[in-house]
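Asks: What follows is the residue order along each chain.
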Amino acid sequence: MTAARVLLVVAGVAAGLYGGVLLWDTSSTVLVRIAVWALVGVVVHDFVFAPLCAAAGVAWRTVIPANWRSAVAVAALCSVVLVILAIPVYGRPGARPDNPTVLDRDYPAGLWISIALVWACVPAYHLLVRLLPVGQDQVVDRERADDVERQPPSR
Amino acid sequence: MAASVRGTAITARVGVALGVAIAVCLVTGLISHLIQHPQPWFDWPTRPVWLYRFTQGLHVASGIVAIPLVVVKLWSVWPKLFDRPVIGGPVRALERMSILVLVASVLFQLSTGLLNIAQWYVFGFFFTTAHYAMAYVAFGAVVVHIGVKLPVIRRALGEPLDDVARSGSLGPSRRTVLRGTWLAVGLATLVTAGQTVPLLRRVSVLAPRTGEGPQGVPVNRTAVAAGVLGSARSADYRLTVINGDRAQEFTVDELRAMPQATHRLPIACVEGWSAEGQWSGVVLAHLVALVGASPDSDVRMISLEPPGPYSRTVLPARHARDDMTLVALDLNGEPLDLDHGYPCRLIAPSRPGVLQTKWLSRIEVVP
Chain S
1 MTAARVLLVV AGVAAGLYGG VLLWDTSSTV LVRIAVWALV GVVVHDFVFA PLCAAAGVAW
61 RTVIPANWRS AVAVAALCSV VLVILAIPVY GRPGARPDNP TVLDRDYPAG LWISIALVWA
121 CVPAYHLLVR LLPVGQDQVV DRERADDVER QPPSR
Chain E
1001 MAASVRGTAI TARVGVALGV AIAVCLVTGL ISHLIQHPQP WFDWPTRPVW LYRFTQGLHV
1061 ASGIVAIPLV VVKLWSVWPK LFDRPVIGGP VRALERMSIL VLVASVLFQL STGLLNIAQW
1121 YVFGFFFTTA HYAMAYVAFG AVVVHIGVKL PVIRRALGEP LDDVARSGSL GPSRRTVLRG
1181 TWLAVGLATL VTAGQTVPLL RRVSVLAPRT GEGPQGVPVN RTAVAAGVLG SARSADYRLT
1241 VINGDRAQEF TVDELRAMPQ ATHRLPIACV EGWSAEGQWS GVVLAHLVAL VGASPDSDVR
1301 MISLEPPGPY SRTVLPARHA RDDMTLVALD LNGEPLDLDH GYPCRLIAPS RPGVLQTKWL
1361 SRIEVVP
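Taken in order, these protein sequences are the chains called S and E. Just so we're aligned, residue 1 is where the first sequence starts under our numbering, counting upward by one. Just so we're aligned, residue 1001 is where the second sequence starts under our numbering, counting upward by one.
Okay, chain S solo, but in the shape it has when bound (with noise of 0.2 Å):
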């Protein structure tokens, strides 16, 4: 396996300083840019998004009861990635007035439809594990790889 780990590392840190290459004639103007915009996005990652998501998880523990919490942190990942990819096209900023075909739809509704049809499965999903004959562990638990139901008969 070590062998295998140094190639790996040769291999990438070679493709890694190839694309490096390929930015050699770019001028320091553009790869300032390029660099700044990559590292913006650690930042944001690591200092702005991820504490408030750590945050907001130390919050609604205390709000939200315990069996509830699953739906509702499924549902937060949700909406945090439908917010992502609203971001480029919610207010259409690469819009341009000779071109109709691109943006062409209602993004704002679009979004707030979508978040609001996944926050509305999180009580669906309460009633129906509630409703459900067994519990939510018990159905977890019996579950493998090659639970296949409603097996066709073996004659």
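It is possible that part of the hints are untrue.
Said to hold, decoys possible - Under 8 Å between C-beta atoms, here's a sample of chain S residues computed to sit facing chain E:
hint : residue
1    : L22
2    : I34
3    : A38
4    : L85
5    : D98
6    : A124
7    : Y125
8    : R130
To be verified - Sample of chain S residues lacking proximity to chain E, with all beta carbon distances greater than 12 Å (derived):
hint : residue
9    : V80
10   : P123
11   : L127
12   : L128
13   : L132
What the hints assert, rightly or not - Listed below are the simulated SDA-like cross-link pairs for lysine to any residue, each with C-alpha atoms no more than 25 Å apart in a straight line:
hint : chain 1 : residue 1 : chain 2 : residue 2
14   : E       : K1149     : E       : P1079
15   : E       : K1149     : S       : V9
16   : E       : K1080     : S       : C53
17   : E       : K1149     : S       : W60
18   : E       : K1149     : E       : E1095
19   : E       : K1080     : S       : P51
20   : E       : K1149     : E       : M1097
21   : E       : K1080     : S       : V40
22   : E       : K1149     : E       : A1023
23   : E       : K1080     : E       : I1146
24   : E       : K1149     : S       : G94
25   : E       : K1149     : S       : A4
26   : E       : K1149     : S       : G20
27   : E       : K1149     : E       : R1179
28   : E       : K1080     : S       : A55
29   : E       : K1080     : S       : V9
30   : E       : K1149     : E       : P1214
31   : E       : K1149     : S       : A76
32   : E       : K1080     : E       : V1049
33   : E       : K1080     : S       : V42
34   : E       : K1149     : S       : D46
35   : E       : K1080     : S       : W60
36   : E       : K1149     : E       : L1115
37   : E       : K1149     : E       : D1083
38   : E       : K1149     : S       : A55
39   : E       : K1149     : S       : G41
40   : E       : K1080     : S       : V21
Just so you know, the hints here were simulated from the structure itself, not pulled from any lab data. By construction, the Cβ of each residue, glycine as well, lies at the ideal position given by its N, Cα and C atoms.
Starting from the structure of chain S, add chain E where the hints point.
Replies: Same frame as chain S, now just chain E:
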């Protein structure tokens, strides 16, 4: 409790999925790059006609799928950012550095790609060159990361997922986090893929395109943007076909008087949207044969658009001699809309839309 849900059991599993998404994104991206920057060792087939539509749709879809995967993967390891010592010895410093490069380059690729499909160029550098170069950096960083973490990954994948749930804690289990992740992946695909999968059009509420446009096909570069409003509608318009010192000129009426072929072909943009249309026009091979071109010649297609990166393309011989490659005059039963390349445009099977030259002015056989 939440801190115990985080951890390598999730990191490794989501990481495998993310690795697959990044690999698919890289390969499909390289394919698109090689079609646009031909290499002698690379041949791109003309069949199936939807092949480029598929690979480039997959490129954008796999990039979008990577977004929720990155969110969850970074969430699962975030506390490690504050591990002590902050830097430590040289090995640890190198490892931390490699992770910085990894996260920065992957976020760079996903963010610039997402902005590019919405045509929002706020970053102040040329998208294609930066996205292409950074692809190697991101890929290299992923490979280094796998090399460094291989023992951890193997151990984590071998461990059962259920530790936390079994210990009786309430709230989300690791299994829930994983299921939620796959759900978010599905949702991200659903709300965007409609720009290339017609079936999903109505639910893809965040797709940059509905797939609608003049004559039922979207447009990327308009006649206004290309500056061809006058030249394309001019009564003096001629299509010139040249092979060495042999040249022929055709008016639109003369092109229409030639034998016409009709094919259903997709137009598939590098930005990941695509749409199928019914194109009619003159078979390109027939046109260049009139000036004595060999079927083994590449053909340069030149637009009325003033010289620029997308005003001309070289069509490889394999595509140029294909009987489905048209100099199209009609789209979906009507003369081409000005924004679709009136008076005539190239439409070839399995090619990026950006290379389907519009507002054709000259066709040159490359010696």
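Asks: Close enough to count: is the Cβ of S:I34 nearer than 8 Å to one in chain E?
Replies: holds (5 Å)
Asks: Check whether the Cα positions of E:K1149 and E:E1095 lie no farther apart than 25 Å.
Replies: holds (10 Å)
Asks: With a cut-off of 25 Å on the C-alpha distance, tell me whether E:K1080 and S:V40 pass.
Replies: holds (19 Å)
Asks: Does the structure keep E:K1149 and S:V9 at a Cα separation of 25 Å or less?
Replies: holds (10 Å)
Asks: Need the status of pair E:K1149, E:D1083: alpha-carbon distance at most 25 Å?
Replies: Given pair E:K1149, E:D1083 holds - Cα atoms ~17 Å apart, limit 25 Å.
Asks: Please verify that hint: S:D98, Cβ, nearest Cβ of chain E, below 8 Å or not.
Replies: holds (4 Å)
Asks: Starting from E:K1149, check that the Cα of E:P1079 is at most 25 Å away, please.
Replies: OK: E:K1149 and E:P1079 at ~17 Å, within 25 Å.
Asks: Decide if the proposed pair is consistent with the structure: E:K1080 and S:C53, CA atoms, cutoff 25 Å inclusive.
Replies: holds (15 Å)
Asks: Can we keep the S:Y125 interface hint, with Cβ of chain E closer than 8 Å?
Replies: violated (11 Å)
Asks: Are E:K1149 and E:L1115 close enough, with their CA atoms no more than 25 Å apart?
Replies: violated (31 Å)
Asks: Checking the smallest CB distance to chain E, is S:L127 really beyond 12 Å?
Replies: It holds; S:L127 is separated from chain E by about 17 Å at its closest Cβ, greater than 12 Å.
Asks: Between E:K1149 and E:R1179, is the straight-line Cα distance small enough, at 25 Å or below?
Replies: With Cα atoms ~24 Å apart, E:K1149 and E:R1179 stay inside 25 Å; holds.
The structure shown violates the earlier hints numbered 6, 7, 8, 9, 17, 24, 30, 31, 32, 36, 38, 40.
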